[in-house]
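Trainee: Each protein sequence line maps, in turn, to chains A and B.
For reference, each letter of the first sequence is one residue, going 1 to 58 in our numbering.
For reference, each letter of the second sequence is one residue, going 1 to 146 in our numbering.
No wet-lab data here; the hints were simulated from the structure.
Where a beta carbon is used, it is the ideal one built from N, C-alpha and C, also for glycine.
Certain hints may be false.
Claimed, not checked - Each pair of labels, with its calculated beta carbon distance range: (1) B:Ala134 / A:Pro39: 25 to 35 Å; (2) B:Asp72 / A:Gly22: 18 to 28 Å; (3) B:Gly105 / A:Gly36: 16 to 26 Å; (4) B:Leu136 / A:Ala37: 32 to 42 Å; (5) B:Glu65 / A:Val38: 27 to 37 Å; (6) A:Ala16 / B:Arg120: 35 to 45 Å; (7) B:Glu8 / A:Arg31: 15 to 25 Å.
Claimed, not checked - Sample of chain B residues facing chain A (criterion: CB under 7 Å; computed from the structure): (8) Val19; (9) Pro22; (10) Thr63; (11) Val66; (12) Ile97; (13) Arg98; (14) Tyr99; (15) Gly105; (16) Tyr106; (17) Ala134; (18) Glu141; (19) Arg143; (20) Arg145.
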Amino acid sequence: MRADIIEATEFPDLVARYAVRGVPRTIVDDRVAVEGAVPEPNLLDAVLQAAGGRGESA
Amino acid sequence: MHLLREREAEAVRTRLQAVTHPVRLVFFTEGSSGLVIPGRECRSCGETQRLLEDVAGCSDRVTLEVHDRFGDPGAFTAYGIDRVPGLALVGASDYGIRYYGLPAGYEFATLLETIVDVGRGSADLAPETRTALATLPRALESRARA
């Protein structure tokens with residue numbers, strides 16, 4: 001697993017590509033998006049969802 | 001010119017005492033050699049580099065390496081860096097953590113906490129999270145917009 005942290009204001013092309021309207025927004029594997037500073041279990045759910053449909057986003 | 005004032009530098013020195021393994025801040029920039037593409041100048045590269053120099057100066061265990069896109073494109077490929085300013089935070093191993101942009105304001109805390117995690121070789125994840133992640137079948141990429 002790798003993690004890229006992006007300053008949204010500096011990369012408008014990525015903001016457009018990932019439909020970022022607020023931050024933080026976390027995108028896993030280009031497929032699952034999580035809005036806001038959510039608790040750890042919610043991020044885990046997103047990762048599991050992206051990995052193969054396991055877990056549910058809260 | 002320092003970007004961190006003495007009081008801030010003191011707070012950073014204190015926080016970085018939690019770092020137990022050497023951390024390399026591998027910084028990727030362009031234009032440091034004076035060569036730039038007109039219209040595509042990296043506006044935050046210089047300020048980011050100065051900030052990272054200040055941070056590295058706050059701990060004997062944190063070092064800064066600088067690679068310029070035009071002088072050292074191979075390093076960009078080696079670390080999987082595709083934008084500037086880009087930063088790879090590397091500890092006892094490369095955990096795949098990259099930061100793009102100027103880590104100022106609220107995000108300065110993000111930078112510090114990431115350095116500490118990398119320098120401890122551990123993140124404060126719940127045991128259930130670690131167990132679940134250990135079952136992942138393949139590499140994932142997580143992009144967080146700050």
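Trainee: Run every hint past the structure and note whether it holds.
Mentor: The hints, checked one at a time:
1. Here the CB-CB span from alanine 134 (chain B) to proline 39 (chain A) is close to 20 Å, at odds with the stated 25 to 35 Å.
2. A hinted range of 18 to 28 Å for the beta carbons of aspartate 72 (chain B) and glycine 22 (chain A) is inconsistent with their spacing of about 36 Å.
3. Range check, glycine 105 (chain B) to glycine 36 (chain A): Cβ separation about 18 Å, and the 16 to 26 Å hint holds.
4. Under the hint 32 to 42 Å, the C-beta atoms of leucine 136 (chain B) and alanine 37 (chain A), about 23 Å apart, miss the expected range.
5. Evaluation of the 27 to 37 Å hint for glutamate 65 (chain B) and valine 38 (chain A) yields a pass: the beta carbon distance comes to about 34 Å.
6. Between alanine 16 (chain A) and arginine 120 (chain B), the C-beta spacing of about 36 Å keeps the proposed range 35 to 45 Å intact.
7. Range check, glutamate 8 (chain B) to arginine 31 (chain A): about 39 Å between beta-carbon atoms, so the 15 to 25 Å window is missed.
8. Using the Cβ-Cβ criterion of 7 Å, the hint placing valine 19 (chain B) at the interface with chain A is not satisfied: the shortest such distance is roughly 19 Å.
9. Among the interface hints, the one on proline 22 (chain B) is violated; its C-beta lies about 20 Å from the nearest C-beta in chain A, farther than the 7 Å criterion.
10. The criterion of a C-beta within 7 Å of any C-beta in chain A is not met by threonine 63 (chain B), whose closest approach is roughly 20 Å, and the hint is violated.
11. Interface hint at valine 66 (chain B): violated, since its Cβ lies 19 Å from the closest Cβ of chain A, which is beyond the 7 Å cut-off.
12. Satisfaction of the interface hint for isoleucine 97 (chain B) is found here, the shortest Cβ-Cβ separation to chain A being roughly 5 Å, below the 7 Å cut-off.
13. Annotation: arginine 98 (chain B) was flagged as interfacial toward chain A, and the flag holds, the nearest CB pair being 5 Å apart, inside 7 Å.
14. Evaluation of the tyrosine 99 (chain B) hint against chain A yields a held restraint, the C-beta minimum of about 5 Å falling below 7 Å.
15. Interface restraint check for glycine 105 (chain B): the shortest CB-CB distance to chain A comes to about 10 Å, outside 7 Å, so the restraint is violated.
16. For tyrosine 106 (chain B), the shortest C-beta to C-beta distance to chain A is roughly 10 Å, which exceeds 7 Å, and the interface hint is violated.
17. Nearest Cβ of chain A to the Cβ of alanine 134 (chain B): about 11 Å, over the 7 Å cut. The hint is violated.
18. Hint status for glutamate 141 (chain B) relative to chain A: holds, with the closest Cβ pair at about 6 Å, below 7 Å.
19. The criterion of a C-beta within 7 Å of any C-beta in chain A is met by arginine 143 (chain B), whose closest approach is roughly 5 Å, and the hint holds.
20. With a cut of 7 Å, the hint placing arginine 145 (chain B) at the interface with chain A holds, because the nearest CB-to-CB distance is about 4 Å.
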